[in-house]
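Engineer: As you go down the protein sequences, you meet chains H and F in turn.
Note that the first sequence covers residues 137 to 316 in the working numbering.
Note that the second sequence covers residues 1269 to 1915 in the working numbering.
Hints listed in this document are in silico derivations from the structure and should not be mistaken for laboratory results.
The model shown is predicted, which means the values in this text are computed figures rather than measured ones.
Please note that a few of the clues may not be correct.
Selected chain H positions facing chain F (in silico; Cβ < 10 Å) [what the hints assert, rightly or not]:
| hint | residue |
| --- | --- |
| 1 | Trp144 |
| 2 | Gln240 |
| 3 | Ile250 |
We treat Cβ as the ideally placed atom computed from N, Cα and C, and that holds for glycine.
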Amino acid sequence: MRRRRWRWLLPLTAVPVLALLAYGFRLNPRDIRSPLVGRPAAPFALTSFEGAPMQLGALRGKVVVLNFWASWCYPACYEEAPVLERGWRAYRDRDVVVLGVDIQDKDEAGRKFIRDFSLTFPNAPDPSGKVSVDYGVYGVPETFFIDRAGAIRVKHVSAVTDQVFRDTVEALLAEPAPRR
Amino acid sequence: MIPEAGSGALIVALILALYGAVAAAVGGRRGRPALVESAQHAALGVFALLTAGALLLIYAFLSFDFSVRYVANNTNLGTPFYYRITALWGALEGSIVLWGWMLSVYTLIVILRHRTSARELYPWVLSVMLSVVSFFLLVMTVAAPVFARMTPIPPDGRGLNPLLEDSGMITHPVALYLGFTGFTVPFAFAVAALITGRVSDFWITTTRRWTIVAWYFLSLGLLIGGWWSYHVLGWGGYWAWDPVENAAFMPWLTGTALLHSVMIQERRRMLRLWNIALVILTFSLTLFGTFLTRSGVIASVHAFSQSSIGVYFLSFLALVVLSGLGLIAWRWDTLGAQGELDSVVSRESAFLLNNVLLVAAAFTVFFGTVFPLLSEAVRDVKVSVGAPFFNQVNVPLFLSLIFLMGVGPLIAWRRASLENLQRNFLWPIVIGVTAAALFRLLGVRSILAVVTLALTVFVASTIGVDLVRATRARRAMGERALPALGGLLLRHNRRYGGFVVHLAILVVAVGVTGSQAWSVHTETTLKRGEQTELGGYRIRFDGLRESQESNHGKVTGTFTVMNGRAAGAVLEPAKKFYPQQSPIAYVDYRLGLVDDIYLVLGDFAGDGTSATVKFQVNRLVSWIWIGGLVLTLGTVLAVLPERRKAA
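Only chain F is shown next, with the shape it has when bound in the complex (with noise of 0.2 Å):
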């Protein structure tokens, strides 16, 4: 009974969405509030259904009923009680019941903030959150149907991929999918102005916090993933450019080029077309996405499952781009700028430099990602494209973005001055060769590593440059230096904000550079009471015990790091064995500032004499995962309300 009460609740909220998109629709073109209003109804009644269809789908999941294919695909009587919960995103049919949800909410907050707000523009809006939502709830029924039976019921499930038995694919998933979600909301503004033809500015001013809330989630999701493979997969890497990682960080560059550009628009009212063609891109990239992810096209590690939904994506797919596109183009003579660009050496060209930059970036990223499938097309060769090729041609993409970070902010609007220039970069260049010629001293040998860092300094200095000034000159006005510096962060969170979030990307480039630069690893077979060196540490192989989990079989390897002399902490990788699946290794290490210790336990001996050990000292890794938290922090200056006047 119980999936069939789901499947009906998700097939009346498909008939509600779908409704309502019309509705609004209507409402917006013939100036009927009631029929808007009725649209509004109809959303409420799909967010109800789809709470509704995911809490049924949730306690299928917790009373075992493996009646249900995707409860017995992704649980077995051994999962635990939490995973069976957020088994509901593990895998596709439930990924999608999610996204689903999480559109219906993020269209009940559209309705609420922006009902009245946005009045001209709030029905299309509307009416384009609600035929995405009806998208989603099509897949959901029809497509992938979550809530499909199969016969004979098995005795027990297949369980879930004990890869995903993790904490870091409880939160990675959904912040991932937010961020994808959240991008739904600038779209619809851009596709109400366009059909409304109010092109001006006024829908970039109103999405901008959207665009940073999504923008920020699918930076944290991207980070989650990176944590994620980090600490369980084994390899010691956050990073693989593989095909599924490059589906998410695609819309990541061109909602970043986005962030920017809208200030641009906002300032000097430049940029029109291209916003409104950015916020396309970016949502079709989302899209794009998930149809990468999900279709089978293109072969991934990640071993998702594949079904006909692909087909049902990229037809959703086209659909936007070709539409998007044939609205622009509808609009093509109200698109044009009214401001112009003065002069090549001013913050515009700055941003717009760096807008071309992130694009070029996701345009090779792209392009790495399809050319498998186009080289079949066209040449009926099979080939895979591998991270040398996007490091190659991203690296010096990344590296002028950093320097742009440091130029951007500081440099005069219009048409900087030479005195412009040196009151603000003369500092800040002198301390940024100073450091290069510093770490050169010091060491470093890599020429690629001495220019990102000195180039980080840079930037930070500029940072640094701007808060000491500006501080300063609040002190001069009679404050004290801390309430000085606090009060300027407040009053003007949105730049400072801004600043912060700079200074997060840096510490990852650190992270990111030094681990690159310095990680160094080995992989030795050791016998019981054995020692081995790598970096300055020292590890003993002290014994192999078994034991038995509540579903799977487990060996554990004890291994003692000594740093120096004094014997430290016990690292204890192991390998697990579960009854329907390879067995897989279970990543030990200690997390520290600069060396993170991280031991990977391969084969061994049954007696338990002797055992593989891959031994990595991976450096300054964590400074990535420190960049998030200082990501969020700057996120949540930069959105907070504003406290002063408008400029």
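Chain H with its partners taken away, still in its complex shape (with noise of 0.2 Å):
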């Protein structure tokens, strides 16, 4: 029987497609471009878990860092607690505050992983879920980064880290301030 060589390309035939498959990694599909970034920020007016009123509109001037974060959201929004902590510290005699909104979260335990995390900054519950819904939040956690015109800049999904915070930040305070 007359050899059939080419019969050995048969199984290069699944490569391409299995190639394919892998070239899927390097992608994120979630990974869609917020309509949001370039436009003003939503304002808000929530009442931190103090007592304090937290708005957006009597920052105007200063760069916002607006984290959503939940106290289920393991373990990412408890990797970066530390981080918008440390931030938080070393830039807010820069004119930068950093916010927590905590959304779809029982009070008490959102409580409670702040006392964990010892964090200084504001933060406050969503109960209505208006404020997550205005600015897209898909999951936890999600943080924007807003400049000094009232404008988001970045939306980062997924923990923040220190690099991401301070390159970010950096970059909004090297603008120059608008005018008013």
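Work from the hints to combine the two standalone chains into their complex.
Structural biologist: What follows is the structure, encoded as structure tokens:
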């Protein structure tokens, strides 16, 4: 019988498909650019866990790091809580404010989370979920970096690292302050 | 201690499975029965250890051991008892445990059934089965360790996704996994046939029942998934062409093709290469499905946890596909057909066409599912492929398949004579065409619905013609009508089991057609006491009430449904508020043979004076679920031991 050497090419036919699937690992299908980036940040007025008012409008002229979290969001929120606290302490004198919004959480669990990580920046629950809807929060944690003119400049999904915090905040601080 | 014992058991199981896979292969190659027997013992050990692992995990759930991350992520103190058990397969890691456990059970059944009957193939079958088990054990010990601890230990868990707290979610994954894992057995036989070179028809006849059972569970899993989607998710549909659904549908399509093509090989010694390729393809697609749903490579509404196991699954998939194709290439010369296609008008060619269409459907589903990936790789453009594409491409394919369903079982083998065609198809065609005209006259406007229903009638009448004729033949020999029919079904159970399964598919097709063509819906805001009408039904909003359940708060709306003038059922759709999740809708519905009344509560005024409600009248949807029951009957009939001597 004639030897059919070409038959050994058969397995090769599967290679492109497998390669395409492997390529998929390099992508994040959820990585869709938020339409909010570049737009003015939606104003909100919440009441912090301590009972103090927490309003975005009052912070015009400052760089705002707005973080959405929940006590049940393990491990990402647990990883980034100390990062946010460090960033807040390092930059609070340079007109940078960190705000935390606790979403879809039990009040008691949220307070315990703040105590456990000794968070000193303002945190507020969002009981009606309105703020997280306004910001199109898909999951926790998500962090919005808002410039001094009040526009959302960066949306960061997943835990914020020291590097991301520093680089983003420094870049926004380097911009000239808006005219009043 | 419990988690450590659990992960210890799984690690030992992995070692045993690897040993068994190697021992069986070496035993088979060198012809040493002692080694094969030792592999059998290893398989028994794997089963025992996996059972222990699964039970320990269930124990961790029942005792709220939140130090185990999997437990903390999938239950909380409010999770009801049953859902704490079924939380075992509530997410990725535990699903893999269930999957591995089912595989070990199947391996045991293979040992019990085929130890002596499949002598030459058996050691390799065992080796392949244990290799697949090893892979799953590797995933559950290394890639996604199910007993991993977490610190600090949370006081309460995150809880099961509330949408999964439904009876459908208890059975749907189990059925689906039984289907997925079931295809491992035919795959193991196919590989064993290729390795030993015994690619004749023995492995096909041996695995016929396995294929039917796996196919049945896969069908059931798909139907239960549809039922869950329909009565839990609140959008009133049962199928959305979501990647995860497609992932289970593709092996179903190729598995269906396989069920038919093996008959050609049994009968005509054709399609050897095709059948082996189909088995390998089907098994690969079950792995591909898991890869797709668990790797996060493709976005899906099914929010499964994503993890690093994608790499493991892709590697294993590559191993299976490449070595499978390599084995086919190696045995290429022995896989040639002995029979030949005599005529285009024959049962062989009808079955062949059926196979081409089914594989084409599987390919289009595959293409549509991975197209977003392809688009991003080639053009760097994000796209999503939705239902319109899948419907447009698949509807003509499925209609052709329904037509073939009528032709295939009755047309003659080899070459159909004009007389054969006339005898079998004249009446069904007349009845089908008459039905089409009748539906049109009755005011069915959608051409698609007319065609589908007429085809359904045509196929049903081919089955009817066959049954009437066969019963008449038996009555001519002096039997009475009913015993004749019963005897026929039991004696030719394989053939008539197939017919009953075909009927089931027809019933499902009617349900799909009806729900697509005639369902109506509206969304409206009603004040208390106000009414709205849709599709011959009126609903009246009677008020809201609040209540506190074990792990969530609930706002329930009361609506009275009126058909004509009489006040009928009271429906109570609700909205549930879980502390750590977004609120979810609790659908209320009344199922009917023709109309389902389906209510979803939307926004409402805090004082209960008004509420927005989504009001649907869905038509013929129940037929889909009835089809599932008929499918069960047909499958049972088809796998019963055959009474008659082989023809």
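Engineer: Indicate, hint by hint, whether the structure satisfies it.
Structural biologist: Taking the hints in turn, this is what the structure says about them:
Satisfaction of the interface hint for H/Trp144 is found here, the shortest Cβ-Cβ separation to chain F being roughly 5 Å, below the 10 Å cut-off. Annotation: interface hint on H/Gln240 holds; nearest CB of chain F at approximately 6 Å, less than 10 Å. Using the Cβ-Cβ criterion of 10 Å, the hint placing H/Ile250 at the interface with chain F is not satisfied: the shortest such distance is roughly 15 Å.
Checked against the numbered hints above, the structure breaks only hint 3 and satisfies the rest.
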